[in-house]
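> The primary structure of each chain is shown beneath.
2 protein chains.
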Amino acid sequence: MTPPFQLIAETAGGGRLGRLALPHQTVETPVFMPVGTQGTVKAVAHDVLESLGAEIILGNTYHLYLRPGHESIRRMGGLHKFMSWPRALLSDSGGFQVFSLNALRKVTDDGVRFRSHLDGSSHFFTPEHSVDVQIALGADICMAFDECTEYPADRTRAQESLRLTMAWARRSLEHFCAHRDEVIWRDEREGRTQSLFGIVQGGMYRDLRRACAERLVEMDFDGYAIGGLSVGETRELTLKMIAEVLPLLPKDKPRYVMGVGYPDEIEQYARMGVDMMDCVLPTRAARHGLLFTSEGRLNIKNKQYAEDQNPPDPACDCPVCRRYSRAYLRHLMQAGEPLSGTLNTIHNLAYYLAIMHRVRRSLEAGSSADVGRLTPNT
Amino acid sequence: MTPPFQLIAETAGGGRLGRLALPHQTVETPVFMPVGTQGTVKAVAHDVLESLGAEIILGNTYHLYLRPGHESIRRMGGLHKFMSWPRALLSDSGGFQVFSLNALRKVTDDGVRFRSHLDGSSHFFTPEHSVDVQIALGADICMAFDECTEYPADRTRAQESLRLTMAWARRSLEHFCAHRDEVIWRDEREGRTQSLFGIVQGGMYRDLRRACAERLVEMDFDGYAIGGLSVGETRELTLKMIAEVLPLLPKDKPRYVMGVGYPDEIEQYARMGVDMMDCVLPTRAARHGLLFTSEGRLNIKNKQYAEDQNPPDPACDCPVCRRYSRAYLRHLMQAGEPLSGTLNTIHNLAYYLAIMHRVRRSLEAGSSADVGRLTPNT
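Going line by line, the protein sequences match chains A and B. According to this note's numbering, the first sequence is numbered sequentially starting from -12. According to this note's numbering, the second sequence is numbered sequentially starting from -12.
Chain A on its own, in the form it takes in the complex (with noise of 0.2 Å):
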């Protein structure tokens, strides 16, 4: 049941190599994980993907389920085959954007009722729909269904959402212990079938976070998420609550912080011995003309980029950075090309996974500032 995690080396600093080995892919990680809502990470296709190094990427049980449906998905071998993604997927449960997209939900304990953004018709989520959902897509990876507590919440109202939380992470698990055999490839990959994990919650109250993880680590997931983060508080808080969670949790399981980050936080992160991390920024700021380079953010739209004949981050090495200009970007990004978005997203994330691929080098080579003895652990 527990997914094949080996630590390969931890730094003083807190931060793990390790290799995640998945049905369908081993990860290396500390790993970022772009996001494709829709099956599809957003104006990339599948072999560029493969060809930046991205390993896993994630899928949205919300959006599936809506559309073209999970059973829909399963007919058909489930989201892997649907898409041609032989690689690693992770999957939501749908929480996140039921409460994110949906103004007129409706939540009680059995679970949360929801109109669809796409054409109003009426829904019920429930721990046990969700996991059900996200065994007929099939992501080698899937999440507990929780509440992702809204911030600022006062005390009393984290309290509350985490109760549901913790009641929905023990029925998550109990229907997917239940069930998880029943994924569709499972006789394809000699046996083997997707995990779950919890997902840790509690607000910005470090006890909250504290007993969350504890009980979630007594349940025995596959892998542990702290989710309820880049909610709106700061960094420095979004930070402690890292700092808070992840002593607790077990070294021989995976750690993922969910929606996260900037650039400099998910090498911050993964340097403290964060294992997973996933955010649409890098992708959805790619849209909208904002580059991340090796010298800061660039907005490409800028006027000073007009006849500016340097690719987007001269130290790059990327399809894009290698061919292309600011000038030509700006161009497609002004004149509303559709290969604008694709262009600028491709570097992105050539620049998120290669800032994962430095540290991965530099927690192996023990040569970052903060290494300390290497405690192999194989």
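One thing to keep in mind: the hints can contain errors.
Identical chains share a label here; the pair holds if one copy fits it or two copies do between them.
Stated by the list, open to error - Below, in silico cross-link-like pairs of lysine to aspartate or glutamate (DMTMM-like), each with a Cα-Cα straight-line distance of 25 Å or less:
| hint | residue 1 | residue 2 |
| --- | --- | --- |
| 1 | Lys288 | Asp304 |
| 2 | Lys288 | Glu58 |
| 3 | Lys68 | Asp295 |
| 4 | Lys227 | Asp239 |
| 5 | Lys29 | Glu294 |
| 6 | Lys290 | Asp106 |
None of these hints come from the bench; they were simulated from the model.
Based on these hints, arrange chain B on the given structure of chain A.
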């Protein structure tokens, strides 16, 4: 001054296999040229175009003049450098867009006053100015400034329009001959420079078309285009006009039919002796979900493809057909994903380019049904 067009073989039906040695690329003809209006073939990255075998693409003078501006492009080394496209380029004269995108244009013998579709600013294009802009862009092939006669047009109107086109052709050629050596990349290309093609107009009147062709040939252009077709007339009429003009054109110059056509049309015209064609159809139709396949046209939006796991065209070897299913392409379209336009366009362009490849091989092998004795002409 003559572009080195080499006629390799000719069939009894008139089909010609040729080789057009342009400064940036030797192009095998008959060739289909994808349209890259704003300096980009919409939604497709250049490395993909190269891998599909595109040897020459179009840029639109009207669009590039307005944005980012031809002077800006010249300062950056010309259109090839600006857009990082090392292969051949052809620029149109801007005339067609001035006429099709401007309801309020004002035509005089001198030129056309029009308003920018972007910001309403007023501009004046003359044959000389069109040539200046095209020399600044620096495409391998430029087009004479013409008036694309609307359809239907009565004989008086077609005659008057043709009078303008003829006068403008002469002025375009004179101005071009005086300035063709000013193209910015001339020194890098061992003194080789741009070519200018004349455009045969004359509405749907055979005698006007003949008169136009004969006078343009006297002027001695580097190549000849047939314009003003595919503007609403029947396909029979299109064919009649092409058949009327082709025999009048010199054998040792390339022949270009502008703005055609459907897959069977481009094959038919190529087998009649047309060397070059361009059309927005494969790219524009793709973005609307219309795929051209060996089994006919396929509207990928149709519900019948919702769970169809076949490739778009089972007989096609393009990167899209090798990897993705109809169901996935339909999903991308339904979900409004940008990858939809990209993948659909790649398939359609691959399909068009494969037709031309097949026709060339057929002309070469003399295996076409209408191939007579090959007439070497080198």
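> Each hint needs a verdict: does it hold in this structure or not?
Outcome of the hint check:
Only within a single protomer do Lys288 and Asp304 lie at most 25 Å apart by alpha-carbon distance; the minimum there is 22 Å, versus 38 Å between protomers. For the homomeric pair Lys288 and Glu58, the shortest alpha-carbon distance between copies (20 Å) is at most 25 Å, but the shortest distance inside one copy (42 Å) is not. In this homomeric assembly, Lys68 and Asp295 come within 25 Å of each other (Cα to Cα) only across copies, at 12 Å, whereas the closest approach inside a single copy is 42 Å. In this assembly of identical chains, the alpha carbons of Lys227 and Asp239 lie at most 25 Å apart only when taken from the same copy (22 Å versus 76 Å across copies).
Taking the shortest alpha-carbon separations for Lys29 and Glu294, only the inter-copy value of 22 Å comes in at or below 25 Å, while the best intra-copy value is 28 Å. Only between protomers do Lys290 and Asp106 lie at most 25 Å apart by alpha-carbon distance; the minimum there is 17 Å, versus 40 Å within a single protomer.
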